[in-house]
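Enquirer: Chain by chain, the residues:
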Amino acid sequence: MNPALLLARALRDPATIADLAASDWNALFAVARAEQLAGTLAHRIAGLPMPGAAAQLVADAITSAEQGRTAALWESEMARRALAALDVSVVLLKGTAYAAAGLSPSVGRVIGDLDILVPRARIDDVEAALLAAGWEWVKPDPYDDTYYRRWMHELPPLIHRDRDKMIDVHHTILPLTARIRPDATALLADSVALENGLRILNPQDMLCHAAAHLFADGDLAGGMRNLWDIHCLLGEFGFEGLPERAAHHGLGAAIRRAARQAARIYGTELPRDWQGWDALDPLFHRRLTARDQWGRSTRKATQLGFYVRSHVLRMPPTMLARHLWTKWRKGHRPA
Amino acid sequence: MRHLTQLRIGPIGFRIGSHWRRPLAALDDLYRDYPAPHDGIADFNVHLFAARPWRRVLRPSVHIAGDFVIPDAAPLPLAQGLLAAEMGMNLQMALGLRRFLLLHASMVERNGRAVLMTGISGAGKSTLAALLMARGWRLMGDEFALIDCATGLAHAFPRLVSLKNEAVDVVAQALPGARFGPLLEGTPKGAIRHLVPDACAIAAMDVPAEPSLILFPRFGFEAAARPVLPSEAFVRLTQSSTNYVSLAERGFDALTRLVQSVPARAIDYPDAETAIAMVEALA
Chain E
1 MNPALLLARA LRDPATIADL AASDWNALFA VARAEQLAGT LAHRIAGLPM
51 PGAAAQLVAD AITSAEQGRT AALWESEMAR RALAALDVSV VLLKGTAYAA
101 AGLSPSVGRV IGDLDILVPR ARIDDVEAAL LAAGWEWVKP DPYDDTYYRR
151 WMHELPPLIH RDRDKMIDVH HTILPLTARI RPDATALLAD SVALENGLRI
201 LNPQDMLCHA AAHLFADGDL AGGMRNLWDI HCLLGEFGFE GLPERAAHHG
251 LGAAIRRAAR QAARIYGTEL PRDWQGWDAL DPLFHRRLTA RDQWGRSTRK
301 ATQLGFYVRS HVLRMPPTML ARHLWTKWRK GHRPA
Chain V
1001 MRHLTQLRIG PIGFRIGSHW RRPLAALDDL YRDYPAPHDG IADFNVHLFA
1051 ARPWRRVLRP SVHIAGDFVI PDAAPLPLAQ GLLAAEMGMN LQMALGLRRF
1101 LLLHASMVER NGRAVLMTGI SGAGKSTLAA LLMARGWRLM GDEFALIDCA
1151 TGLAHAFPRL VSLKNEAVDV VAQALPGARF GPLLEGTPKG AIRHLVPDAC
1201 AIAAMDVPAE PSLILFPRFG FEAAARPVLP SEAFVRLTQS STNYVSLAER
1251 GFDALTRLVQ SVPARAIDYP DAETAIAMVE ALA
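Residue numbers (the numbering used here), protein chains in the order written: chain E, 1 to 335; chain V, 1001 to 1283.
Looking at chain V on its own, in the form it has when it is part of the complex (with noise of 0.2 angstroms):
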């Protein structure tokens, strides 16, 4: 592949090969104040590439792959390589990561405490790990958490942070001053814009935290909390992570310690003042 742009977010270290030169530029562009792998050397391998010669050009299409793919990943149009790459990146850690339990689970971090958001695409996991950040906590990233199976600590995956639909406005306002990728209309999930992270995220995303809450927010309900019993957010975070079965004895045992040592509270909340209020009373 002509092009080549190599990244590390957090403890992965990612090498992307591409077609084309946008996507690349793009990328480069937002994780500009990213670190390269340790050593040189990556985790992961994507490549974004034409299935056929002429769609290099002739309304060009961009097919994702890598070390681990799926079987039938759909292509995007050119004007959305930004999107293929970030979620060539995130296939690769759903489907190969082994080092870490991963959790498809937001987080942000204050006094070296961990609190973990999850739950179903809508809940506004993005849009409140955001929001946080706009108030001074850490934003240690808004797609995956990796727990460390040894320790149990949270390791960081600041990647861009997506944001869609409604949730683009509302956080550009709360963050006047951050930088935004362009506003990506039409994809798959609706309009989609990449945040960057703020300073402290990238410059602290190598320090893990201790897990302290998890909460399984839900947007567009009356506020209300409860408590999550260890065996219900044990089962839910079994759904929520892509890798527990493969990490069989190990992810076993690093989900039973999470739940046992953590709180957990699942949160409906009717907008994001309210939300981030019920977070800041928990935490």
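Isolated chain E (complex conformation) (with noise of 0.2 angstroms):
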């Protein structure tokens, strides 16, 4: 079996991994680390009668896992400080949204940077206080520098020095060069208030973000944990009001195809109306589920079209021209 749609049938079905044979184990964990997915697949799979050695793997993976989540829920505490003085909306996005709210893909999940989404008349104020907090530039590169802030949804990366922790700081969920234009303003006004003050995206603008992030920007690459939170969200939230939404931010056709795909891979229920598979599924199928057995990613043909694909989605194309030349010239290649 493809080890990537070994990971997605432990993921789906726990109980199939009692006929895994050794090579399937390695396999397995290799695939799940590689898509950062190994915590998750070892809260679902604890506890189950398994070999002792993977046993311990799902033990170390959960500890990890535990001790990741309590970092980033210090990391946004150590934000909501910095930025405390400046009453602006501070809202988390992705990983840490999910485990600040206890939402299901939170459980086992791996967080990497902070993600939080300001308003962007504000932004230049929340750089300003996470700069004087101890975030510090990451990127050293004046043209990445002026591009990001020219073009991108988010500051160049910060990172605190202290603490060795990223940080991104978005005004808006996709490049300002896409053509999708998400509602930044409606993303901030609708979002719901936690506890301590920060603050999350509402359940659609949430599926809206996620799936906008695997299939509306980007290569797809580690695609298969991205599609785990969508299809957790749709479990956890339903499909109430999420065409609406989805369609009023232009993300109707990301949202549906991401619905497809986690029906697909992780068994999702979709409403009759949202079941089928367009003539271009197929193809993001392949590129999601490429893994060796050693969780190294294959199909390079198809993972270089969507490498492509993330940059003509990105920009217009004389202006891609331009990015791509000046790129190269810096030594950059694609992986």
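Worth flagging that the hints you see were computed from the coordinates, not collected in a lab.
Note that the structure is a prediction, hence the values are computed from the model and not measured.
Yeah, the Cβ is synthetic: ideal placement off N, Cα and C, and Gly gets one too.
Be aware that one or more of the hints could be misleading.
[Claimed, not checked] Where chain V lies over chain E, by a calculated footprint (3+ residues, C-beta under 8 angstroms):
no., segment
1, 26 to 40
2, 45 to 56
3, 59 to 69
4, 285 to 297
[Stated by the list, open to error] Examples of chain V residues lying across from chain E (beta carbon under 7 angstroms, computed):
no., residue
5, G1017
6, D1039
7, G1040
8, N1090
9, N1165
Reassemble the complex: the two chains are provided individually, in unrelated frames, and hints are given to aid placement.
Expert: Below, the structure is given as structure tokens:
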């Protein structure tokens, strides 16, 4: 079995691990680590009968994810304190938001950088406050810096000098150069307050963001994790109001594709009018599940295709040509 | 990947895949007395691969990766494939291990009491461990000491001892009957030769020991020894741990317990005999 599908099957139906051979276990954990899903997998299968060595890996992954969760929540608290005096809405995004709100994707989930959304009008204040509180710029390159500030949906990444943790400060959820322009004002206005004053997106926007991140931006690298988020969120929040909200943000097609892929890979239950499999879905499926038994990415041609697609989505052709030319001269090559 | 081998060092199982047979043949030979991972399931995967298909044959260059990667790990020539495999395993340990507090230290044991030796590269950790093994100590490891966060016990990780430059001949003379790997010249760390730990080290690798002494050796100075306060030992050991930060509270508790319950000494030594005598007098 394709090792990525082996992982999907274990997440979808944990009891299927009963028939795994040692080589399957090795592939399962290699792919789970590569897709940043080891903690998620561990929580799904913990307590089921399995070889002792597998149980040890499960215990390690659970401990590790728990520590990651503590650190991520602490990092969000540090940002809250740094920004408290500004009287600005700070919306947690992605992993930290799921953890802070105790949502189902957060169980065992690896949380990378801290992602926050703030009003664009206040982004200079936010940046100044973070710099004053010990965050520093990561990108030393002036081209990259200018590019971020002019065209991206976020500031150049900042890293905290003591804690070595990255923060991405967004003012919307897709690059300004992309054809799709989600309504950032509505994302902020309709966000939901947590007890500590930080905010999270409302359920429909959270799903729109996850789908935008996966299918309207980027090259789908590590997509199984993001798709698992979508699977969990759809199970938790359902579909009510979702088509309307997604259409408002220009993300109707992305959310439907996300739902179809989640259903195919993780067995998400879809309403009748969400079901289907369009002409491009097989390609997305092929890209999402491109892993060998060592967890390495495979299907280089498909991968390159999606890499090109991510840039085409991100910016108009002449701008893309100029950007790639600049990056190429600086020695950047696609992975 | 076409070639695969699996082995276990102490509590940690490895699955190593390679585009070439040679590095794995060398591993299989030197690790022939080591067991397979528990249940055939590895803790870590290591990949030795060619960045481009033609580089498998044309000026073959071995890239190192695995479950956990750093962005700019430099490749090695195929002639140093064994070193690449060892570095790959070390890298997985350093980046991915969460089951134990990992200290960059060599470790030997006698009568159930473990002596940890840590210090900067060139301090003589590996050499001292190998020479102590020659004098009947059990070698628990020359690179990593694994501290169980729950019990405080030290677990062995007796991988091949990596001897560098002058140490190669010194140890070869002290251990005439030992098994060695090929001499690898011109590596990023100079000449390297791997020593296979003796039968006792391998047979007892699943037996943990109580830490009884922490040493900070330093080579190239007049013989001197001074006690190291727990506070200083704590700070120096945080610097020689690759996972202290990621273990967070567990790491802090384990390290605090270690430095509070185990005495520490800094020892300076001008030559190996002096160092061995000092360690044996202190232990």
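Enquirer: Taking the hints in turn, state whether each one holds.
Expert: A quick look at each hint next to the structure:
1. 26 to 40: holds (count 5)
2. 45 to 56: Contact hint for the segment 45 to 56 of chain E vs chain V: holds, 5 residues under 8 angstroms.
3. 59 to 69: Per the Cβ count (4), the hint holds.
4. 285 to 297: That given contact holds, which follows from 3 residues of the segment 285 to 297 of chain E lying within Cβ reach (below 8 angstroms) of chain V.
5. G1017: Holds. Min distance 6 angstroms.
6. D1039: holds (4 angstroms)
7. G1040: holds (3 angstroms)
8. N1090: violated (18 angstroms)
9. N1165: violated (34 angstroms)
In this structure, the earlier hints numbered 8, 9 are contradicted, and the remaining ones agree with it.
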